[in-house]
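Q: Read off the chains here:
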Amino acid sequence: MADEVRLWSDELARDPSSLAFLPLADTLRRQGQLDLARKVATRGLERHPHNPDAHDQLARIHADQGDLQAAFDEWDMVLRLVPGHVGAIKGMAFIRFQQGRLEEAERLLMQAQGHTEDSDISAAIDTVRRSSGVSTAQVSVADLPSDPHLLFTDILANDQTAMLLDKDGLVLAGAYYSADGRNVAEDVGANLSGVSDEALRATKHLGIGAWRSILFETEAAVVSLSPAPAYGPAAGGLIVVAATPSTPLGLLRRLLDRCIARSTTWLSQTGIGGGA
Amino acid sequence: MSSPFTPVLDALTRQRGVRASLVVSAADGITIDSNLQIGQDGSRVAALAASLYRKARKSAAAAGLGGTGFMQLEAETGRLCAIGGEEIVLVVVADRSANVGLIRVEMLRAAEALA
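Respectively, the protein sequence lines represent chains F and S.
At position 273 of the first sequence (counting the first as 1) the number is 273 in my numbering, and the numbers step up by one without a gap.
At position 22 of the second sequence (counting the first as 1) the number is 298 in my numbering, and the numbers step up by one without a gap.
Just so you know, these hints were derived from the structure itself, not from any lab.
Please read all numbers here as calculations on a predicted model, not as lab measurements.
Among the hints, a few may not be true.
Derived contacts from chain F toward chain S, CB cut-off under 7 Å, selection only [as the list claims (entries may be wrong)]:
1) ALA175
2) TYR177
3) ILE208
4) GLU219
5) ALA235
Glycine included, C-beta positions come from ideal geometry on N, C-alpha and C.
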C-alpha cells in the first residue's frame with residue numbers, strides 16, 4: 001500500500017492536474033490517514049470542481065472523520081452533478097441512518113434500489129426497517145429517561161447491558177452491572193476503550209477501512225463494541241453491549257444497532273451532542 | 277514444507293472469502309505457520325492480530341469477564357477473526373462478504389484440535 005501511495009504521489013507531482021489524487025486520497029483514507037486524505041481530495045477538487053468522483057471521495061473522508069453533515073453535503077453535490085448516482089444516495093442514506101433519521105434513510109435506499117440491483121441495498125433496507133420497527137429505540141425526547149444510566153434499560157433484557165462511552169472510556173450513559181449487582185461501568189469502560197485504539201491501529205495497517213464493530217466471546221459475557229455516533233462528547237467514543245454467553249451473536253448485533261439508534265436520538269435531541 | 281498446523285490452516289483458507297490464516301505466538305505476535313494469499317504481509321497481520329487479541333483478552337480479564345474465546349473485528353472492507361489461548365492465537369483475515377458464521381465454526385473446531 002505504501003507503494004501505491006508513492007506511485008500516485010509521483011504521478012500527481014509529475015502532472016498536478018491529473019486525476020491521480022482520487023486513488024491517492026482513497027488509499028490514504030483506507031490507511032486511516034484522514035487529514036492527509038482530506039487535503040489531497042480538497043486540492044484535487046480545486047482543480048476539478050465538477051468531478052463527481054472527487055466529491056464522492058471527499059464525502060467518504062468526511063464520513064470517516066465523523067463529520068456527518070459535511071459528508072452529506074458532498075454527496076448531495078454528487079447527486080447534483082450526476083442525478084441518480086447510487087453511491088451518493090447510499091452514502092446519504094448511511095448518514096441519515098447514523099443520525100437516527102430512519103425514515104429518510106429508508107426513502108433514500110428505496111431511491112437507490114430504483115437505480116440498481118444491488119443486494120447490499122436490500123440488506124441495508126432490512127437493517128433500517130429492523131431499527132425503525134424497534135419503536136422503543138426511536139423515542140421522542142420527552143420519552144427519554146432523565147437518568148442517563150437508564151438510557152438503554154427498556155430495550156434490553158435483564159441479562160443484557162449497554163453503555164455509551166466517551167473517547168477516554170468514561171461513561172456518558174448506560175450501566176454495567178456485575179453478578180453481585182454493582183454498577184461497574186466505569187471499570188469495564190476504561191478497560192474496553194483500549195481495544196478500540198488497538199482496532200484503529202490494526203485496520204489502519206491492514207488497509208481494510210474504518211472499523212465498524214468488534215465482537216468477542218468471554219466466559220462471563222459476549223461483548224460487542226461499535227464506534228459511538230459522532231456527536232459532541234461521544235465522538236471518538238464507544239457503544240458497548242454485553243449479554244450472557246448463550247446470547248446468539250446475531251441477536252447481539254441487532255441489540256447493538258438498537259443501542260446505536262437510541263444513543264443517536266439521545267445525543268441529537270437532548271442537546272448533549274451539541275445538536276439541539 | 278508442512279507443519280502440524282498445516283491441515284488446520286488449509287481447512288480455514290478453503291472457506292470462501294478467507295484471504296489468510298495464521299498460527300501466531302500469543303506472547304510476541306510472531307508467525308508460527310501461515311497460509312497466505314498473494315499480497316498478504318504475514319508478519320504484519322500476525323503482529324497486529326495478536327496484539328488486538330491480547331488487548332481484548334487483557335481488557336476482558338480486567339473487566340472481570342473471564343477468559344476470551346472467539347473475537348471478530350469487522351471493518352469497511354474486511355474482517356479479522358482470532359481465537360486462542362496463552363500460547364498461540366489462530367488468526368483469519370477475510371473479505372467483508374465472507375460468511376463469518378462458517379468461519380467461526382471452523383475456527384472453534386480448529387482451536388479444539390490445536391489445544
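Q: Indicate, hint by hint, whether the structure satisfies it.
A: The hints, checked one at a time:
Given the 7 Å rule on beta carbons, the hint for ALA175/F is violated: about 14 Å separates it from the nearest Cβ of chain S. Annotation: interface hint on TYR177/F violated; nearest CB of chain S at approximately 11 Å, more than 7 Å. The restraint placing ILE208/F at the interface with chain S holds, with a minimum CB-CB distance near 3 Å, inside the 7 Å limit. For GLU219/F, the shortest C-beta to C-beta distance to chain S is roughly 3 Å, which falls under 7 Å, so the interface hint holds.
For ALA235/F, the suggested interface contact is broken, since its CB lies about 18 Å from the closest CB of chain S, more than 7 Å.
The earlier numbered hints that this structure contradicts are 1, 2, 5.
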